[in-house]
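Residue numbers (our numbering), protein chains in the order written: chain A, 1 to 329; chain B, 1 to 687.
By construction, these hints were calculated from the structure, which means they are not laboratory data.
Predicted model, so just to flag it, every value in this text is computed and none were measured.
Where is the CB? At the ideal position from N, CA and C, for every residue including glycine.
As a list, the in silico DSSO-like pairs of lysine-lysine whose alpha-carbon atoms are at most 30 Å apart:
1. A:Lys186 / B:Lys382
2. A:Lys73 / B:Lys260
3. B:Lys277 / A:Lys65
4. B:Lys382 / A:Lys192
5. A:Lys186 / B:Lys657
6. B:Lys274 / A:Lys65
7. A:Lys65 / B:Lys599
8. B:Lys381 / A:Lys192
Counterexamples of contact, computed for chain B against chain A with all Cβ distances above 12 Å:
9. Asp479
10. Lys485
11. Lys619
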Amino acid sequence: MVAYVVRRLLLAVLTVWAISVLSFMIIHLPPGDYVTSYIASMSASGSAVSEGEANALREQLGLDKPITVQYAKWMGLMLQGNFGMAMEWGRPVSDVIGDRLTLTMVISVAAIIFTWALALPIGIYSAVYPYSFADYVFTFVGFIGLAIPGFLLALVVMYVGFAYFGANVGGLFSPDFAEAPWSLAKIWDLTKHLPIPAVVLGVSGTAQLIRIMRSNLLDELRKPYVMTARARGLSEYRVIMRYPVRVALNPFVSTIGYLLPYVVSGSIIVSLVLSLPTVGPLLLKALIAQDMFLAGTIVLLLGVMTVIGTFISDLLLMWVDPRIRLGRQ
Amino acid sequence: MKLMRAVRALAGLGLVGTMAIWSGGAAAQAAAPAQPAKIGSSLIGKLQGPELIRDAKAFPTTFKEAPMLAEQVKAGKLPAVDKRLPEPSQLFVVKPLDQVGKYGGNWRRAFTGPADHENGNRIVSADKILTFDYTGTKIIPSLARDWKVSDDGRTTTIFLRKGAKWSDGKPLTADDFIFWYNDIYLNKNIVPTPFFEFQIDGKDGKMRKVDDYTVAFDFPEPYTFFVYQLAGSTAIGAGFATRGGFQNFGGAYAPAHYLKQFLPKYSSEEAANKKAKDLGFDSWVSLLKMKYSWALNNELPTMTPWKTVSPINTPTWSMERNPYFWAVDTAGNQLPYIDRITMTLAENAEVANLRAIAGEYDIQERHMHLTKLPVFLENAKKGNYTVHLDPGLNGSDVAIHIGNSYEADPEISKLLKNKDFRHALALGIDRDQLNEAFWLGVGSAGSVAPAPDTIYSPGAEWNKKWGVLDLKQANELLDKIGLTKKDADGYRLRADGKGRLRLEMITVGGQFVPFTQVGEMVKQQWKKIGVDLDVKELERNLAFTRDNGSENQMITWANDGSEMLFLFPRHALPVDAAEAHMGMAFAKWYSSKGASGKKPDDPEMLKAFDLFRSAFGMKEEDRVKAGKEIWKIIVEQAWSIGTVGQSPAFMGVRLVKNNMGNVPERQVNAQHARTPNTSMPITFYFK
Numbered sequence: 001m002v003a004y005v006v007r008r009l010l011l012a013v014l015t016v017w018a019i020s021v022l023s024f025m026i027i028h029l030p031p032g033d034y035v036t037s038y039i040a041s042m043s044a045s046g047s048a049v050s051e052g053e054a055n056a057l058r059e060q061l062g063l064d065k066p067i068t069v070q071y072a073k074w075m076g077l078m079l080q081g082n083f084g085m086a087m088e089w090g091r092p093v094s095d096v097i098g099d100r101l102t103l104t105m106v107i108s109v110a111a112i113i114f115t116w117a118l119a120l121p122i123g124i125y126s127a128v129y130p131y132s133f134a135d136y137v138f139t140f141v142g143f144i145g146l147a148i149p150g151f152l153l154a155l156v157v158m159y160v161g162f163a164y165f166g167a168n169v170g171g172l173f174s175p176d177f178a179e180a181p182w183s184l185a186k187i188w189d190l191t192k193h194l195p196i197p198a199v200v201l202g203v204s205g206t207a208q209l210i211r212i213m214r215s216n217l218l219d220e221l222r223k224p225y226v227m228t229a230r231a232r233g234l235s236e237y238r239v240i241m242r243y244p245v246r247v248a249l250n251p252f253v254s255t256i257g258y259l260l261p262y263v264v265s266g267s268i269i270v271s272l273v274l275s276l277p278t279v280g281p282l283l284l285k286a287l288i289a290q291d292m293f294l295a296g297t298i299v300l301l302l303g304v305m306t307v308i309g310t311f312i313s314d315l316l317l318m319w320v321d322p323r324i325r326l327g328r329q
Numbered sequence: 001m002k003l004m005r006a007v008r009a010l011a012g013l014g015l016v017g018t019m020a021i022w023s024g025g026a027a028a029q030a031a032a033p034a035q036p037a038k039i040g041s042s043l044i045g046k047l048q049g050p051e052l053i054r055d056a057k058a059f060p061t062t063f064k065e066a067p068m069l070a071e072q073v074k075a076g077k078l079p080a081v082d083k084r085l086p087e088p089s090q091l092f093v094v095k096p097l098d099q100v101g102k103y104g105g106n107w108r109r110a111f112t113g114p115a116d117h118e119n120g121n122r123i124v125s126a127d128k129i130l131t132f133d134y135t136g137t138k139i140i141p142s143l144a145r146d147w148k149v150s151d152d153g154r155t156t157t158i159f160l161r162k163g164a165k166w167s168d169g170k171p172l173t174a175d176d177f178i179f180w181y182n183d184i185y186l187n188k189n190i191v192p193t194p195f196f197e198f199q200i201d202g203k204d205g206k207m208r209k210v211d212d213y214t215v216a217f218d219f220p221e222p223y224t225f226f227v228y229q230l231a232g233s234t235a236i237g238a239g240f241a242t243r244g245g246f247q248n249f250g251g252a253y254a255p256a257h258y259l260k261q262f263l264p265k266y267s268s269e270e271a272a273n274k275k276a277k278d279l280g281f282d283s284w285v286s287l288l289k290m291k292y293s294w295a296l297n298n299e300l301p302t303m304t305p306w307k308t309v310s311p312i313n314t315p316t317w318s319m320e321r322n323p324y325f326w327a328v329d330t331a332g333n334q335l336p337y338i339d340r341i342t343m344t345l346a347e348n349a350e351v352a353n354l355r356a357i358a359g360e361y362d363i364q365e366r367h368m369h370l371t372k373l374p375v376f377l378e379n380a381k382k383g384n385y386t387v388h389l390d391p392g393l394n395g396s397d398v399a400i401h402i403g404n405s406y407e408a409d410p411e412i413s414k415l416l417k418n419k420d421f422r423h424a425l426a427l428g429i430d431r432d433q434l435n436e437a438f439w440l441g442v443g444s445a446g447s448v449a450p451a452p453d454t455i456y457s458p459g460a461e462w463n464k465k466w467g468v469l470d471l472k473q474a475n476e477l478l479d480k481i482g483l484t485k486k487d488a489d490g491y492r493l494r495a496d497g498k499g500r501l502r503l504e505m506i507t508v509g510g511q512f513v514p515f516t517q518v519g520e521m522v523k524q525q526w527k528k529i530g531v532d533l534d535v536k537e538l539e540r541n542l543a544f545t546r547d548n549g550s551e552n553q554m555i556t557w558a559n560d561g562s563e564m565l566f567l568f569p570r571h572a573l574p575v576d577a578a579e580a581h582m583g584m585a586f587a588k589w590y591s592s593k594g595a596s597g598k599k600p601d602d603p604e605m606l607k608a609f610d611l612f613r614s615a616f617g618m619k620e621e622d623r624v625k626a627g628k629e630i631w632k633i634i635v636e637q638a639w640s641i642g643t644v645g646q647s648p649a650f651m652g653v654r655l656v657k658n659n660m661g662n663v664p665e666r667q668v669n670a671q672h673a674r675t676p677n678t679s680m681p682i683t684f685y686f687k
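Make the full structure from the sequences, and use the hints.
This is the structure we're talking about:
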């Protein structure tokens, strides 16, 4: 057991290193560099960078050096716990990401709670009463939820919110609170803004999970042990919740590995449309601006989260499912 | 009906930036224009603005201040207003547009993140050394009280305002200029390459302190244009809010008393680096860069009317009045009137547009899309705002820049270098159709030449030259070149026998104007002259990088700024190696004086280059003549093909809440004017 964990950990470190090399390379793949992007962005916004300024910038940021040297610099910095400077932001990368990480996690966790709170009961109900009227309704709504892209839903919700409810559009805070220090009133303001992003982000996941839960549970319910349990006179609630539901939960647990990176990045497109100050838009902008330290660190962070998440979900599976646990021993 | 409105609003909102599914939006917009076209033109009002009082006899002698400052004075935290202002004879005195305003209020705006620093920069650009008046044509003083150019043109002297103070109360003197020159500009670690504006013909200028309030700029050769460089949107005349704002060390002055602590010269290399490392920066230069930015560093003493409170790299970029700002109105009220500016982060421009419709911004012109004009108008009453359109002065919001130094395909290269071919392409464009579809009819169709009332305009007839639809002449020109054979679909064949003649146009998505959609319409139009066009949308970086390698046959980009030919030539002539869409190899050749790049083989281009180079030392009227001459050459040669311009598409759609005062009906919309700086935001107020 210990050897297994240690082996997995070593592999994880190696994977993370490989991810760092890959992410750095990916950022350098597109033509041009941060300065090209800076010139273009200035030109597009009615300002300018002169040739001298551009050269100076390249030199100062070390962009004139070969990619291997740049990578070595980044690695060297990271080993000291410094992730470099976010070029566009003029601040250390860790500060820029740190600012947004908390809110990202709040939104993502809210979306996950919404997803699970809705998907699990509905999935169980649909499986227990298959082809009932309610099952059809849920299935119908679920398929619509699956079919509508999140960003479109976000646009519609925003428009409806604006046109019919006069709601403050997008973002996580009202203008009055955006700048205010944290207080109970600000948290309440955040709570009021949270449902829209949580619902928009959660809808397609909910639909998917309902379908998975329903089909898994349907398979389980047909198995002989369920019949035996019923025959032995167990209450219907116990029959279903005690065994088949637990088994049907396996796919949920194995997706936790992917939940973790999702929690720290949020959804890029939906966040952009709803103007949520999360890590997603930050990554997109960093990639467009070819801000290599910022983009590299976020991609690396996502990689690390995936690795850790997979590791955790392996452990959880062992814990939830005795078959896996026993099989290993 | 309700549904239609929702659909239209949604189409107007568009889908985010580059990911936009444009076809849907374009169809809805193409259907809309016929009616709003007239409404659009009626939204262009009279050009107006505040006036600077230059006669010291008319200056006020008693002064008043904002209530929020009066409180601080009472509490003993701040000196009295007359102690904070410069000496009475040295003031910047403004006659506001309509009336003397009221103090207070918070100006709400949108910004899109740390790359959007120009958003705030332009509002506080009063700290430029010189500036332009509200017409955008006449130079007026700003930070400096006055200026003088010597008879031989080699020396430009500026006079500072005695008693003017930094936002922390320390006096601004010539020493702050000399500090910038010696310790920032001449330090190769900070500014590795000299500013080209501070050079004449590649030879460096020098700065000299005459006395505490007088600074001279000396050049080895006559450089009469230097005064324009000080007034324009350049690195040398910048102050913090023009080019010093971010990533650059624009000048020509800086707060010595504050910045010295970050320079090794005043401690040691190790001490300076240690300070930087402790704060998470990799070197003292990186730290200095951050500390030098008024938008990032709220401790930085500035000369701007508002100074940053919450920096630009946070979700709210907010500013507060500078208690030491050196301007008053005619009644002696210290400016600005407005207490605060709060910009809230919109992760994308669509959200900013929707919030603007909801009336959440007080004055907003940046990021407002012309294509959404119908939606803006529909909601104007509900949002309690008025829409103003500020047309630009440049000839073309979508200029088709020809890759004049493109070589990859010899046959295409030969054609692109043929003037007749370029003329044929220019005559094959139906600009009125483009204007209706994408500019809602409010633009002007024509060549790349700037608006007729700008300084270097060669005359209104040049706006139409090679800028009208003439299919007959276009076809004749193409036949004359020898492109007579056509394939079954009616497209002309290449002369080298390699099949159909196919041109490639590079466009960039997600910009102020829908380049790709315009390109697609041009493709349809060129079909009529038998020219097949491939419109290829590329990511902005890729497009610019291909520019750098002269790999683009043609690229669409605005020619904004080109109306001030000598201040900002890069969208008119390939002379700037930082950005040259119409031949980067030539630009490199020009800016390196032949050391690198490629010499153009077109004698007309060489002629334009010569005129351009010599104009910087000419007398004003000769330079204007040279400018007109260059524009004639540019239009005649059609190195860039104009479509529709002089429109408000580029930051010219302005939503103003109805309770805002002293806001002009129409303002100059131009880079050199640093719009809205020429409208003097310091005089805006809440009624």
